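> Please put together the full structure from these sequences, using the hints given.
Next come the chains, spelled out residue by residue.
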Amino acid sequence: MKKVININFQGRILPIEEMAYENLKNYIETLRSYFEKEEGKDEIINDIECRVAELCEDRLKKGAVCITEADINLIIESIGRPADFEAQDGFEAQSSSSNTNFTSSPNEGQNNWDNVRPKRLYRDEQNKVLGGVCSGIANYFGLEPLLVRILWIFLIGVNILGYLILWIAVPSSSVKEVGGVKKRLFRDIENKVIGGVCAGLSKYFGIKVWIIRILFLIPFIRLVFNFREIHLFQFWDAPDFPNFLDITFSPGSVFIYIVLWLVLPEAKTSADKLEMVGEKVDLNSIKNTIQNDMEGFSKRAQGWGSDLKNKYQSEHSSTAQNGATVNTSEKRKGVFYYVGRFITISIKAFVYFILGIIGISLLAALFGIGVAATAVMPLRKFLLEDGAQIWSVYGALLFFVWVPILGIVAAVIRKLAGYKKANVWVRSSFVALWVVGWILLFYFGSSLGHSFSKHNVPEEQTVSLVNPGVDYLEVTASPRLKYYENRWFQISPFDAFSDEDTVFVRNLRIRIVQSKTDSFQVKVVKLSNGKTIQNANELASKINFDLTQQDSLVFLDRGIAINKKDKFRNQHIIMTIAVPLGKRIKITNKGWSQTNVRINGRGMHTETFDRISSDDDWYDEWNEPWDNESFSYERGVEYKMTATGLEKIKRDDDAEETLNNDDQDPDEMEQRLEELKREREEIENNLEKNREEKLRELEKIDKALEKQKKDINKSTQKISASIDASDVKKSRLPKVAGKLTDINWVLERFTY
Amino acid sequence: MDIQNTQSQMRKGVLEFCILSIIQQGEVYPSDIVEQMKAANLHILEGTLYPLLTRLKNAGLLNYRWVESISGPPRKYFVMTEEGEKAYQALHTTWSEMAASVEAIIAPKANPIVNEANTAE
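For the protein sequence lines, the chains are E and V, in the order given. Residue numbers for the first sequence follow our numbering, beginning at 1 and rising by one. Residue numbers for the second sequence follow our numbering, beginning at 1 and rising by one.
By construction, these hints were calculated from the structure, which means they are not laboratory data. All the given hints hold, so there is nothing to weed out.
List of simulated lysine to aspartate or glutamate pairs, EDC-like, C-alpha gap at most 20 Å:
(1) K41/E <-> E46/V
(2) K76/V <-> E46/V
(3) K76/V <-> D58/E
(4) K2/E <-> E22/E
(5) K61/E <-> E68/V
(6) K76/V <-> E54/E
Some chain E residues near chain V, calculated using beta-carbon distances under 10 Å:
(7) G11
(8) R12
(9) L31
(10) F35
(11) E38
(12) K41
(13) E43
(14) D47
(15) C50
(16) R51
(17) L55
(18) E77
(19) P82
Remember, predicted model here, so these are calculated numbers, not experimental data. Built from N, CA and C at the ideal position, the CB exists for glycine as well.
Next comes the structure, spelled out in C-alpha cells:
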C-alpha cells in the first residue's frame, strides 16, 4: 500500500507515489546543484523538468494509474544522473572549451559579448524590495542599496512613475543568467475584471493583483471624495496640481488602462500563459524586434545597393565597350557599390528621421491641444451653449484629439514590443471615430462662430466724474479684491473664478484724447458679439463696469463679469478719457499689472474728443494694432496734455535713476572730469611715497642680513675648531652646515 | 593510458557536430535527437543533451519555438539559426577533412603490419 499524491509539475497534474515524488525531488535537486555554475541553469532545469513531466504523462496515457517509483527510476535513468553525465563521455567537465570553439570562430564575433560586455544597469532581482531598481542602481555605482533608496525618495520624491519606467526599461539581473526566453505582458483574461490588464500586469511584475488595481483606482477613490468637480483627468485639474498621487497614475488611469487594453494581446494559448509569467526576462522582446528590424533594414539597404550596381553595370557596359577597361570598371563598381549603399542608407535614415520627428511633433501637438482643451473644460459653461454645442465639443475633444493619441501611442508600443498589429476592426473603428471627431469639430467650430457672428450697435455713454475739475487724474485698479487671483495658469482672456457662477474678463482698453473743455471727461463704449444683433445688444447692455472717483484717483473695475447664463461673447469696453490741456494723467501699474489695459497711441496726439463719437469705425478701432501704437506709452508715468499731444513729466522712483544718466549738463561733466584728475594725481603721489618707504625698508633688511652672515661665519669657525672635542657636536655639524647653506641661499636670492 | 577517457574525448568532439547536423535537417524535439542518435548507435543522455542545447542556443547557433502539443503544455522545438548554419558548415568541412586524414593515416599503417606478419612467417 502506497500513498499517492497529486502534484502540479510543469503545468501537468500528475498523480504520483509519495516515494516516487521524493525521488524526483531529490533528482531535480542534484541536477540543480550539478548545473549550478552552468550558464542558463534555470532553463536547463526547466527543460529537463518539462521532459520528465512529458514522460510521466506518457506513462499515464498508456494506462498507468499513477507514477510509481519504478517509473521515476526509469525516467531518471533515461535522462541520466549527474554521475552518468561525467561517466558517459565526460564532456560536461570540459564543455566550456567546446563552447568557446563556436563562439571564437570568426563568424560569430558577436557571441563574445558575454566576456567583453560593458557594465550595464540591471535590476537586482536578489535584493529587490519592489522591482529592484534602486538596488540595481546601487550595484551599478557600487553603493549601498539603502542609500540609493533614501536618495531616491528624497531627490525624486516618491516618483512612482519614474520608478515604473525604469522597472520596465531596465532589464532584470536574471537576463544575465537566462538568455532569450521572453517574458511578455499579456492580458490575463482568466482573472479579469474588465479587460484583464491589471491581472496581466501583476503576473508580469510578480506582484499581487490588488496592488495594481488600487493604483488604478486611486484617482477614482479621490473622485468619490470630492465629487463636486468631476473631471476625468484629475491631473489637469489645476487647483490640486502638486499632489503626488496625481503624478503617479491619474494622468488618466483610464487613459493608461485603455492603451494597455488595446496594446496587450490576450494570453490565449498556454505558451502565452507561460510567457506571461515568464522566465524573468523583460526587455528582450523589445530588443529582439528592434534587432530584427535592423537586420531587415541592412538587407534592404544591400538590395538597393546591388540594384544600383546592376544599373551602373548595364550603363557602363554600354558605354565602355573596350575589353581593356574591364579591370578598372570592376574596381570602380566596387567603389560605386559602397558609395551607393552609403547614400541610400543615409537617405533612408534621413527620411525615417524626418518622419519620426513629424510623427512625434504631431503627437505632441495633439497632446498639447488635448491637455489645453481639457484644462479649459471647467470654463465651458461660460462659453458654450448647453445642448448640441457642449456635446459637440466633448465629442470633438474625445474623438478628434484623444482617440488618435490613444491610437498612435498604442500602435507605437505594439510596434516596439513586437506584438502583432491590432486587428482590422480595432483600426477601422479608430479611423471611424476620428472621422466622427472631425465632423464634431467642424460642427462645433461653425456653431461657435455663429454665436460670435454679430456685434452690437455701439453706444457711447458718458460717465460723470464726481470732480472733473481736478488738475491731475490717476487711473488705477479698484483695490477691493473681487476674486482670488492666485492660480496656476490662466487662459486668456479668462481670468479666475470669483465664485462658481462668475468669471472675469479683462477686455478693457483705454484711449486718451484731448478734451475740448477744461475738465476731465470719461466716456465708455460697451461692445459685445452675439448670435443676433439683438442678442449682442442685450449682452452689451448687461456689462457692468464701475468707475469711482476719489479726489484725483479714479478706480476702475478689474474686469467684466461673465456669468454662466449669458456666456462670454467677447464682451469688451473701450474707455476714452479726455484730458484737458495742461492737465496731467497717470495710469498706474499697481494692482492690475496683468490687466489688459491698452492705451490708444493716437489719442496721445492732437485729437479732439469729438472724433470719437463717430460711431462707424468702433470695430476698426478695436481691431487695430493697438500694441504697436501704444508701445510708447508707459504706465505708471505721469503725462501732461499739451497742444501737441501727451508729454511725459515724471516717472516712478526706479525710473528716475536711469534718467540721471541720460541727460547731464556739459558743465557738470567737466567738473567731474577735473575731480577725477585730481583724484588720480593724489593716488600717484601716494604711490611714489610708498615706493620710497619700501626701498628704505629693503635696505634695512639687507643690513641685518649682512650682520647675520658675519655672525654665522664666526660660529662656523668656532665649530670647526671644536670638531674633535665632542661627538655630539660632530653630529650637529651637518645640521648647522645645512642651515648655513640655507641662509646663504636666502641671501643670494635677496641680493638679486 | 586511460582508454575510456580517450574514447569519451573522441565522442565528445563529434557530439556537437552530430546534434547540429540532426537539427540542421529540420526543426526537432530534443527527445527525437536522442532517438536518432540511438538509431545510429550513438548514445547520449537527455541530461547531457539539454545543457548542450541551451549552450548552443545561448551561443546563437540555435533557436527554439514553443509548439502546441495535442495534450499538455507546449514543447520546445529547436531550429538552426543562420549562424548555426555557418558553424555547422565549418564543422562539416573540418569533419570531412579530419575523416579523410584519419583514414589516410590508418590505411598505410595497416599494410606494414600485414608485411611484418608476412615476413615473420
